[in-house]
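If you're matching them up, the sequences are chains A and B in order. The first sequence runs contiguously to residue 324 in my numbering. The second sequence runs contiguously to residue 1383 in my numbering.
The set of hints was computed from the structure by calculation and includes no laboratory data. Note that the structure is predicted; figures quoted are calculated from it, not measured. Heads up, a few of these hints could be off.
What the hints assert, rightly or not - Simulated pairs of lysine-lysine, DSS-like, Cα-Cα distance not exceeding 27 Å: (1) A:Lys33 / A:Lys16; (2) B:Lys1287 / A:Lys46; (3) A:Lys23 / A:Lys46; (4) B:Lys1287 / B:Lys1300; (5) A:Lys16 / A:Lys46; (6) A:Lys33 / A:Lys23; (7) B:Lys1052 / A:Lys33; (8) A:Lys16 / B:Lys1287; (9) B:Lys1052 / B:Lys1300.
As the list claims (entries may be wrong) - Among the chain B residues that face chain A by a calculated CB cut under 8 Å, a handful are: (10) Gly1074; (11) Arg1124; (12) Glu1217.
Stated by the list, open to error - Cβ-Cβ distance ranges computed for the label pairs, FRET-style: (13) A:Pro2 / B:Thr1195: 38 to 44 Å; (14) B:Asp1036 / A:Ile72: 53 to 59 Å; (15) A:Leu311 / B:Ala1062: 38 to 44 Å; (16) A:Ala224 / B:Ala1373: 44 to 50 Å; (17) B:Glu1343 / A:Arg104: 34 to 40 Å; (18) B:Ala1199 / A:Arg188: 25 to 31 Å; (19) A:Asp47 / B:Asp1036: 26 to 32 Å; (20) A:Gly191 / B:Glu1336: 46 to 52 Å; (21) A:Pro2 / B:Pro1218: 52 to 58 Å; (22) A:Thr185 / B:Ala1299: 50 to 56 Å; (23) B:Ala1299 / A:Gly191: 57 to 63 Å.
Built from N, CA and C at the ideal position, the CB exists for glycine as well.
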Amino acid sequence: MPTLALSKAITAGLRKAMEDDDKVVLIGEDIGKLGGVFRVTEGLQKDFGQRRVIDAPLAESGIVGTSIGMAIRGYRPVIEIQFDAFIYPAYDQIVTQLAKLHNRTRGHESLPVVIRVPYGGGIGSPEHHSESPEAVFAHHAGLRIISPSTPHDAYWMIQEAIDSPDPVMFFEPKRRYWLRGEVDTDNRGPGPHTAQVVTEGTDVTLVAYGPLMPTAADVVAAAADEGTSVELIDLRSLNPIDFDTIEASVKKTGRLVVTHEAPVFLGLGAEIAARITERSFYHLEAPVLRVGGFHTPYPGSKLEHHYLPDLDRILDGVDRVLAY
Amino acid sequence: MTSNIAQASDSRTSSEPRMIQMLTPDGERISSGEYDAFAAELDDEDLRGFYKDMVLVRRVDAEGNALQRQGQLGLWAPLLGQEAAQIGMGRALRPQDFVFPTYREHGVAWCRGVAPETLLGLFRGQNHGGWDPQEHNFHTYTIVIGSQTLHATGYAMGVGLDGEVGTGDPARDTATVACFGDGATSQGDVSEALTFAGAFNAPVLFFCQNNQWAISEPTSVQTRVPLFMRGQGFGVPGVRVDGNDIIAMYAVARASLDSVRAGHGPMLIEAFTYRMGAHTTADDPTKYRDAATTEAWAAKDPITRLRAHLESLGTPEEFFVEVDAEADALAARIRENCISMAEPDPAEIFAYAYREPHSLVEEERAEYLDYLASFEDSTEGAR
Ligand SMILES: Cc1ncc(C[n+]2csc(CCOP(=O)(O)OP(=O)(O)O)c2C)c(N)n1
Ligand SMILES: [Mg+2]
């Protein structure tokens, strides 16, 4: 089993998908010679050529719009958006066209387009390079949204995204690109839309995903030192959300904390809190608590450690949910 | 045959377009037709001023790189090689003109009186833009590629509505400058800006610095026609100028700004230059371009060129020595002021999300500051 950095696991997954299906093409800014600003496509243009690894003009709406056209023609475009907040020029193409064409054509056209989005903060960047816009897209029917947190998942989930006949947004936890882990290239995971219980526990359920998973694992360890048993769930799929797995856990622990970097207000945590309350009201010992970003623009990098949920803030959430 | 028709109209097959140049790479002063008149007003004093500006902003740039390497800045976007394009434009402006920059306009910022250390706030992560745009008639840096060209166009439309164009009063007529790069020309926003500018006859000058690269992508990825031609279909005439020649840059900027202020409509300048450094300090250009091209462009350096010209005019050696000393002092000042910037207050995060009080922001602010205070009682302290 190879040990890979998360970014290189995505590279390996892309390479496998391109070998398996010559209709898979990559398109994005600086993804050719440079291999992308995070080097996720490194070496792929050299091996698959400029026709399949396309350096696009600097125009996100154009990239998504032309990918839609290529998909209609039978290709499987995999788009790289350079940084999270640079997806917005493409917002119109994504939500009015990509998300809705299957419905509009009453099933005659499927749009197997993948949009890879490096997201989240913690890398000391200027404005627009650290955002978490997943909920913005989860709000629109027609898009599947997944986010791996381990190299193994990254390797398999990117291939599952490319295989999907629906458009998939693949959110990559950019500050974890260098996180290394074993990748079992023979055995895939539980499928892209299943949440995974990473650590079993009995007192509190903690739901996280993507970049916060390593932080959440630290929370589990720190809570254990204080005598609290936390069950940690990696959401993996942000749309659809695997509420069954969360519900089963909450019915055991009676307490739930959800954490994400994205703003708390109308974030995924809000939806999870509402659904889980509906499903397991009589099992809950406390309201569902959320720990996440503020209802403010993402701050300058000197202040981002305040904005991002860290060990202490999530632990504080765990303490508060236990205090009820 | 249709293929012949396509070929005949393929502008790539046409000869090299005209490029306005007044100072050769060797520093020889040459004539450039209708633009000569706009350079005629420049005396030796002005040229020495240009030289000083360019040397100082190059030093600011070098200091930005150094501070980033030493961990004092999160990032720096070097302007190396583009000094003439930016100072030429900056010095052709009148006080009432308004500039909408990208993130690389340190030379224009210099001309608009924004202190270099103020620029550093953004790159250090203190804030997202630390100056008052209205004080300097120089907007905050824009990182989202192309967005600011629409803002510039809208501002110019406002100038038009105010009637501050074509009055003939040099203290009133106002031009707006939209700065953008070669890569930016692909963005829909830039095409829309050209559309609006043309349709509303907005007094806006599109200032494209074609530094040949958009990170790793050469200009050929963005366009099939030379970029100065980009505006034609929108009714925005364009001109290509040697962006490493400050005299030509100044003259073309002066001419274009005059025309825009007079109400003759929007114009586009393509400053043909080269990004000598990395895209930003996070970039590694060896991955995608060869050193030979960069070296060839080094021979067209804007500062060397003007210095040769000044020397030929008999400028004494002391002048150059003094400018270097001033640059050293400036660098030391910037460094000192950068390193001594206070850590921003966490309350800042919540301070400017809205102008009027906002209940949710207030609530989150109070909660978070209480949370932070809870650490102050304990010995650990918040991390
Ligand atoms: C909408 C958007 N997409 C992508 C980026 C990332 N990005 C930053 S600078 C840049 C290249 C810009 O090239 P150009 O317009 O030529 O300006 P230059 O950097 O050369 O001055 C890119 C792709 C961005 N800032 N905004
Ligand atoms: Mg450029």
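Hints, one by one, checked against the model:
no., hint, in the structure
1, A:Lys33 / A:Lys16, "19 Å, holds"
2, B:Lys1287 / A:Lys46, "13 Å, holds"
3, A:Lys23 / A:Lys46, "17 Å, holds"
4, B:Lys1287 / B:Lys1300, "23 Å, holds"
5, A:Lys16 / A:Lys46, "15 Å, holds"
6, A:Lys33 / A:Lys23, "21 Å, holds"
7, B:Lys1052 / A:Lys33, "38 Å, violated"
8, A:Lys16 / B:Lys1287, "24 Å, holds"
9, B:Lys1052 / B:Lys1300, "18 Å, holds"
10, Gly1074, "4 Å, holds"
11, Arg1124, "7 Å, holds"
12, Glu1217, "5 Å, holds"
13, A:Pro2 / B:Thr1195: 38 to 44 Å, "51 Å, violated"
14, B:Asp1036 / A:Ile72: 53 to 59 Å, "55 Å, holds"
15, A:Leu311 / B:Ala1062: 38 to 44 Å, "39 Å, holds"
16, A:Ala224 / B:Ala1373: 44 to 50 Å, "27 Å, violated"
17, B:Glu1343 / A:Arg104: 34 to 40 Å, "52 Å, violated"
18, B:Ala1199 / A:Arg188: 25 to 31 Å, "54 Å, violated"
19, A:Asp47 / B:Asp1036: 26 to 32 Å, "54 Å, violated"
20, A:Gly191 / B:Glu1336: 46 to 52 Å, "57 Å, violated"
21, A:Pro2 / B:Pro1218: 52 to 58 Å, "35 Å, violated"
22, A:Thr185 / B:Ala1299: 50 to 56 Å, "51 Å, holds"
23, B:Ala1299 / A:Gly191: 57 to 63 Å, "59 Å, holds"
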